[in-house]
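Q: Residue strings, one per chain:
Protein chains: 2
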Amino acid sequence: MDIFKSIKNAYTIISRVANVTPVMTSRTLDSITGAKRVIIKCENFQRTGSFKFRGAWNCISHIPIVERERGIIAHSSGNFAQAVALVATILQLKATIVMPNNATPSKIQATKGYGAEVVLCGNEPGDRAKKAEELIQKYNYRLIHPFDDNSVIVGAGTTAYELMNSIDLIDLLFVPIGGGGLISGCSIAAKGIDPRVKVIGVEPKNADDAFRSFQLGKRVPVENPNTIADGLRTSVGELTFPIIQENVDKIITVTEEQIIDAMRFYWERMKLIVEPSGAVSLAGLLSGNIDPSLIKNRRIGIIISGGNIDLSDFFATLKLKLA
Amino acid sequence: MDIFKSIKNAYTIISRVANVTPVMTSRTLDSITGAKRVIIKCENFQRTGSFKFRGAWNCISHIPIVERERGIIAHSSGNFAQAVALVATILQLKATIVMPNNATPSKIQATKGYGAEVVLCGNEPGDRAKKAEELIQKYNYRLIHPFDDNSVIVGAGTTAYELMNSIDLIDLLFVPIGGGGLISGCSIAAKGIDPRVKVIGVEPKNADDAFRSFQLGKRVPVENPNTIADGLRTSVGELTFPIIQENVDKIITVTEEQIIDAMRFYWERMKLIVEPSGAVSLAGLLSGNIDPSLIKNRRIGIIISGGNIDLSDFFATLKLKLA
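So the protein sequences, as listed, match chains A and B.
According to numbering that gives the first Met the number 0, the first sequence is numbered sequentially starting from 0.
According to numbering that gives the first Met the number 0, the second sequence is numbered sequentially starting from 0.
The shape of chain A in the complex, shown without the other chains (with noise of 0.2 Å):
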């Protein structure tokens, strides 16, 4: 399958449907670097909140109708729950998601809210998938994979091509990996266009396992990912590791607290709520553990991968202050 051909054919759809997010640099980003200039993209302005529209939508509009009438499932704890939940809005298609118990009380809301069943399950590893299973084998439901399914990644690697088509060339590209769908989508969109392009993939040092498998050359399970990045906690996938190793050029790690600086800079400085998994492709651009002469005087390209976070601490703070 030429999946290059794929994203570009499914883009002509997608970009119809989803949002065509906006690019934004930030001179001081620029001068701190020394890069040439830094370009983000910014599927937080996705909707749902995230770049998982794009997939859920190129995967559940190419199921058959006659399969997709009997109702979609999947299980997720967060961004992919919502994506799926609005595309089988918009499908008309009746949707049921299966969350853990202790998933965040506002994405199970945000699910229900795009019209999708909740069916909440318990929080151990094996848990959602035996669930889901159940209830496929009771109600004959379609399972759409968060990330390794190639429809699914068709639909991610739009992002990047949306981007690269949007602005001039750049040298690198970094984007955040967790099941690997964004990044497998996004580095064979990148080097499509132009074959230069080099693409850092950034996961958390708390959840190395794309890192680590990618030094060992074959596939490592994550074992108690514990990173404030909730989107980044999955291991990478079947289908997702060969064409991560055939198609990025580096892996590179970022603690907690890079990830939260990142996130600092985004709401400080450039205004933009981005949520810790969507910030660790700049993270990564920070840490330091990219050679400086591969960023000086470069086109950066960097993707945010979402923005969906748990606000209702700070608000409810602020409201207890009103009184």
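Simulated from the structure, these hints should not be mistaken for lab results.
From a predicted model like this one, the values you see are computed outputs, not experimental measurements.
Careful: at least some of the hints might be erroneous.
[As the list claims (entries may be wrong)] One side of the interface only, derived from the structure: several residues of chain B facing chain A at Cβ under 8 Å:
1. 21
2. 43
3. 255
4. 256
5. 259
6. 266
7. 267
8. 270
9. 272
10. 306
11. 310
12. 313
13. 317
14. 318
15. 321
Even glycine gets a Cβ: it sits at the ideal position worked out from N, Cα and C.
For chain A, the structure is supplied; the task is to place chain B on it using the hints.
A: Quick look at chain B alone, frame taken from chain A:
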């Protein structure tokens, strides 16, 4: 003086020095309000994080060189301080900013960061002006007024000028009111481009001097403004009030709760960091204080004035959780 013509002329230069800020839309907002389209002008993405940069630039860059080389001075607890500091740095002038000793530490830090000398003073009503006067007597500095100055009003007006030139016509424009500089310039710019547009000023109920002055037909100062919208605690100016009387169609007020709810909408749903003062315009649209027939199926413009808010506590808490 033909202010509209001045705005038009000023914009040629300002559009090169300031950021041309993006407009944002939200399907959710359109559906909540019943508007055809709500179009949000994001001055939180302006240099120094607020529209103030436009007026500061237009004012300071027009002061004769011999006069400005003596140094400039301004008193402000927030956004204007940062704007004057950056403009002075760009124009290679010495800037002194008088700030009350209870100003937010992050705003003092930012003002210094943009290159100004900060002189602290007491926080009683007359303290800032007195300290500035003292320094002017001593050093012959040129005072820059944050809003009651024609060239500052003209600069602020380029916000609406830029908005109206980048989109199709709108029916209604919501603008925050503090000292009145922003709404003075914006109402002239908006009606200069399309005389049919209605301009709505929005003020915190807890600092409603413009609302009361507008009703009474004469200026009454604000008393004990106790609002979270720190940029709107000022009373409307001598110069701005008659412009408001002539060009603004209605002034409405919003509660502290409504301001926080609007801010929350921006942060959670639109992923935009907006400060309380910047969120009052949306709070006005959502308040129910405007006849729904003026909103339904109409095109509504909303101006976000800025996004500078102290997030030290938020990020300190996040980092504490790491330990």
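Q: Next step is simple, just say for each hint if it's right about the structure.
A: Status of each hint after checking the structure:
1. Restraint check, residue 21 (chain B) versus chain A: the minimum CB separation of about 6 Å is within 8 Å; hint holds.
2. Restraint check, residue 43 (chain B) versus chain A: the minimum CB separation of about 4 Å is within 8 Å; hint holds.
3. Restraint check, residue 255 (chain B) versus chain A: the minimum CB separation of about 5 Å is within 8 Å; hint holds.
4. At its closest, the beta carbon of residue 256 (chain B) sits 7 Å from a beta carbon of chain A; the interface hint therefore holds under the 8 Å criterion.
5. The beta carbon of residue 259 (chain B) comes within 5 Å of a beta carbon in chain A, closer than 8 Å, and the hint placing it at the interface holds.
6. The beta carbon of residue 266 (chain B) is positioned within 8 Å of a beta carbon in chain A (closest approach about 6 Å), and the interface hint is therefore held.
7. A least Cβ separation of about 6 Å between residue 267 (chain B) and chain A falls short of the 8 Å threshold, and the interface hint therefore holds.
8. Interface restraint check: residue 270 (chain B) against chain A, minimum CB-CB distance 4 Å, threshold 8 Å, status holds.
9. Because the smallest distance between the Cβ of residue 272 (chain B) and any Cβ of chain A comes to about 4 Å, under 8 Å, the interface hint for this residue holds.
10. Among the interface hints, the one on residue 306 (chain B) holds; its C-beta lies about 4 Å from the nearest C-beta in chain A, closer than the 8 Å criterion.
11. Among the interface hints, the one on residue 310 (chain B) holds; its C-beta lies about 6 Å from the nearest C-beta in chain A, closer than the 8 Å criterion.
12. With 8 Å as the threshold, the beta carbon of residue 313 (chain B) comes within range of chain A, its nearest partner Cβ sitting at about 6 Å, so the hint holds.
13. Hint on residue 317 (chain B) holds. Least Cβ distance to chain A is approximately 5 Å, under the 8 Å limit.
14. Nearest Cβ of chain A to the Cβ of residue 318 (chain B): about 6 Å, under the 8 Å cut. The hint holds.
15. About 5 Å separates the beta-carbon of residue 321 (chain B) from the nearest beta-carbon of chain A, less than 8 Å, and the hint is met.
In the structure shown, no violation is registered for any of the earlier numbered hints.
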